[in-house]
Amino acid sequence: MTRRRAVLCVRVAVLAGLVVPLELCCRTGIIDPLTIIAPSDMVASMVDLLGSGELNESIESTFSTIALAFVLAIGLGTLAGALVHRSPRLRDVSDPLLASYYSVPTFIFYPLLVALLGLGKPPLVVLGVLSAAPAVMISTLSGLDGVSSVLIKMARVHRLNPVRTLWWIVLPAALPRLFTGFKLALSYALIGVIAGEFILSGTGLGYAISFAYQSFDNRAMYGVMLFVMLVAVTANGILYVWEGRLARRRSAR
Amino acid sequence: MSAPAVSEPSHVALKEVVRHYEGPPAIHALGPIDLAIQRGEFFSIVGPSGCGKSTLLDVLCGLVRPTGGSVQFEGKELRGEVPDGIGVVFQEDSSMPWLSVRQNVAFGLRTSGLAKQEITERVDHAVSFMGLAQFADHYPAQLSGGMRQRVCIARTLVLRPRLILLDEPFGALDQQTRLLMGDELLRLWRETGATVLLITHALDEAAMLSDRVGVMSARPGRFIDMVETGWPRDRDSRIVSDPAFGALTARLWSSLREESLKTMGRAA
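In order, the protein sequences belong to chains D and Z. Using this note's numbering, you'd call the opening residue of the first sequence number 1 and step up by one each time. Using this note's numbering, you'd call the opening residue of the second sequence number 1 and step up by one each time.
Bound-form chain D, shown alone (with noise of 0.2 Å):
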């Protein structure tokens, strides 16, 4: 058996003993079905949702909002680490903020933002930004670190001009780096959207999961939210496959 397949192996067996438990102690009353239901359940709830085109609105909603402040941050996170990283001053000053960002929990500026740009779309993208962007900004910051500066003199021997360089040799240089913070700035985005939707928003997924909470239907609730668990995994596991990819050619041996 190859290393892979061996790894895949041990993955599929922890996924079931979890899951090949908790449907037993589900069937067998175990557990009580107000509080969780048998994960069998909960895969024919997510049919059942899919196929009656319930969700449908709720999907589109969330994941054009998620897709919205996922482009936002990568595009503003790239722009604002490439703009410390010129500017020395600004690293100085950004670089303890940086650090104790994510200490800060963003959501608590939800209501703040509701006031601000009422509800609907805008605070959610918002929300989104701001939990994924510094991810961005920071994966930016060591990635252009990190281009080595021998390849920068290679660039000015071959007369590059700044557009090239940046184009032919910055960015592929920092790309391993730049992915990791494209790869956070997803699982942030989907948080930050998700959760916005859950405490405040009238439409998406997490309202739908909170609505679902407050009538007391969990087979909807956990259809819904096994459904947004496997979107963001299967996203994550695209971006991981990827990423794999472009590190086993720069690392094959």
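Hints listed in this document are in silico derivations from the structure and should not be mistaken for laboratory results. It should be emphasised that the depicted structure is a prediction, and the values quoted were computed from it without experimental measurement. Accuracy of the hints is not assured; some may be wrong.
[Claimed, not checked] Here are the simulated lysine to aspartate or glutamate pairs, EDC-like style, with alpha carbons at most 16 Å apart:
# : chain 1 : residue 1 : chain 2 : residue 2
1 : Z       : Lys-15    : Z       : Glu-77
2 : D       : Lys-153   : Z       : Glu-92
3 : D       : Lys-153   : Z       : Glu-81
4 : D       : Lys-183   : D       : Asp-145
5 : Z       : Lys-15    : Z       : Asp-93
6 : D       : Lys-121   : D       : Glu-57
7 : D       : Lys-153   : Z       : Asp-93
8 : Z       : Lys-15    : Z       : Asp-34
9 : D       : Lys-121   : D       : Glu-23
[To be verified] From the derived model, a few chain Z residues whose C-beta atoms are all more than 12 Å from chain D:
#  : residue
10 : Ala-133
11 : Thr-192
12 : Asp-204
13 : Ile-239
14 : Ala-244
15 : Phe-245
[What the hints assert, rightly or not] Cβ-Cβ distance ranges computed for the label pairs, FRET-style:
#  : chain 1 : residue 1 : chain 2 : residue 2 : range
16 : D       : Arg-249   : Z       : Leu-173   : 21 to 31 Å
17 : D       : Ile-152   : Z       : Gly-75    : 21 to 31 Å
18 : D       : Glu-243   : Z       : Asp-137   : 21 to 31 Å
19 : D       : Ile-108   : Z       : Asp-137   : 45 to 55 Å
20 : D       : Tyr-101   : Z       : Thr-177   : 42 to 52 Å
21 : Z       : Leu-173   : D       : Val-10    : 33 to 43 Å
22 : Z       : Gln-103   : D       : Leu-76    : 27 to 37 Å
The beta carbon of each residue, even a glycine, is placed where N, CA and C say it ideally should be.
Once you have looked at the hints, place chain Z on chain D.
This is chain Z only, laid out in the frame that chain D set:
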């Protein structure tokens, strides 16, 4: 030390070159230096650590402007830009890990305006010349340190430079690989007809490869000795067994020893 008297104009000429770095603390890194290198010459520079060898290379290729004096390449003064016709191989690995060997070698031709066919031919030739044909589609991470340095040399070679500057290119390699790489460098020099300037801290490497060796003083670096080796053009690493090789290395060391001691004293 002044340049030797010659009839044809120098390929590279330095006149009263000085380089200071503003502080704090202000550093007088180099000079004044006068140097003339003839077209097709293999010239090496040795000197104690921190004497300004790499600064001199940066000045020579136009990466750094001298604080005083002038640098001319093919009769034209360098003005803070690397001119066409100069290729540089650095001490550090400057291969690009995201590109294959072939793509690394072709990198400098992206802006050349050459036809695709011509680029392919040049790249194939440079890759074969450096013994990398079997590894053309490999990535640098799949190669040894010596092979990666050969990729960097091939990337320079493909541009057909008339002046090749090498900054301790074999510094990270073991002694046997260095000798073999030295042979490849000599072959490259003979076949291209380029002028080569090699910066090295290895006296045996300088003695084996060069037509002429310049010995630099401790900082601020100046030439304190200029040694003609007198080797034939078709030499290779077997000359290390020649009695004259030992005498040459000994002369280089006797010129350098006191300067190295000064550097150590300064470090202490």
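Violations among the numbered hints, reported as their numbers in ascending order: 4, 5 and 9
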